[in-house]
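Using the sequences and the hints given, assemble the complete structure.
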Amino acid sequence: KKTVKFIKPKREMQYTPQQMMGHGTFKSTTRIGNWSEDLALQEEKQKMMKKSKESQDSSSSSSSNFIQQMHAKFKTHTQPETIEKQGSHVSFDKQLMLFNEDTKGFLSGDLDMVLDQFQEKYGVTTVAAPKPIARNVFVLEKIPGKYDAAFEDEGEADKLHYGQHFRIRVCDSLSQEPMYLVSEPCTPQSCAPVSNDQQRVSLTPHVTYAAAWKVLYRDESWRLEWENEMVQSNHPCVIQHCATGQPLNSNNDKRVPNDFGSEFEVSCKKRCDTHKVELDTNVWYFVVGQGGRPKKKKHTYTH
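Note that the working numbering has the sequence shown beginning at 1, numbered continuously upward.
These aren't lab readings, by the way, just hints derived from the structure by calculation.
Values in this document were obtained by computation on a predicted structure and should not be read as measured data.
Possibly wrong hints are sitting among the right ones.
[Claimed, not checked] Subject to a maximum C-alpha distance of 30 Å in a straight line, what follows is the list of computed DSBU-like cross-link-like pairs (lysine-lysine):
hint, residue 1, residue 2
1, Lys75, Lys254
2, Lys269, Lys254
3, Lys85, Lys142
4, Lys214, Lys142
Next comes the structure, spelled out in structure tokens:
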């Protein structure tokens, strides 16, 4: 008895004449030709389109958020401020500006310029300004000292004196949390943004001895005579860091880029001429009244 072997015919892929000519007439739902690859290609295209759309939406959203953040920052940092009239001497707890002789700019803070995220240190520079704004207005805070009783007896308890320790704080409109001007010894891990051999100066909410400063008379030969005398407003002086003994410094050839443009670096470094007299980089003015740049005049160093 012969057995008949049934041979199963091979199933070949069927293509339409249009597909053979390169035209995709039928959709992938019609099971003709290379329908599985067409379906996979269609799904892949949909995924790519969805991913591209999400990326565009995310980019647009992040760009919009960045613009809003910058707008809020500029609004906070540049809002107009007033400088209180203090007469011929500098007072505590009143708003004023600090003007540098070399850069012809005012001390200015930038709370978005992070110098040290762990220790909460923020940038400070000097830049010219036509009027007082939140970022360049500061307040002096008195640090208790041994001569406070004597100053109070003389009716000068609210006045800043040469050699008296004090803190420099940003105005309340710039930061709800008190931020103080500080400096620290120069190390490879902590130095000025541009000058590696100079002490870093920054703003921080932490109150330590690093935030203590004192004012020295401009002429070094008269400093002993002017010790414990009231500091004159709109008058040249040297602001010295108490912990390190280095004066506050700002140089017109050292620039730091930030969101406001290119501004002058602030550091702590004593810079002298051949006669060991501080250069203009170490000379500052406490600007009171209506602010503005101090008038250039010849000063006579008399007591």
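Consistency of the hints with the structure:
With a CA separation close to 27 Å, the supplied pair Lys75 and Lys254 stays within the 30 Å bound. Note on Lys269 and Lys254: the hinted pairing holds, with a Cα-Cα distance of about 13 Å set against a maximum of 30 Å. Note on Lys85 and Lys142: the hinted pairing holds, with a Cα-Cα distance of about 18 Å set against a maximum of 30 Å. The hinted pair formed by Lys214 and Lys142 meets the criterion: a straight-line CA distance of about 10 Å does not exceed 30 Å.
Every hint from the earlier list agrees with this structure, and none is contradicted.
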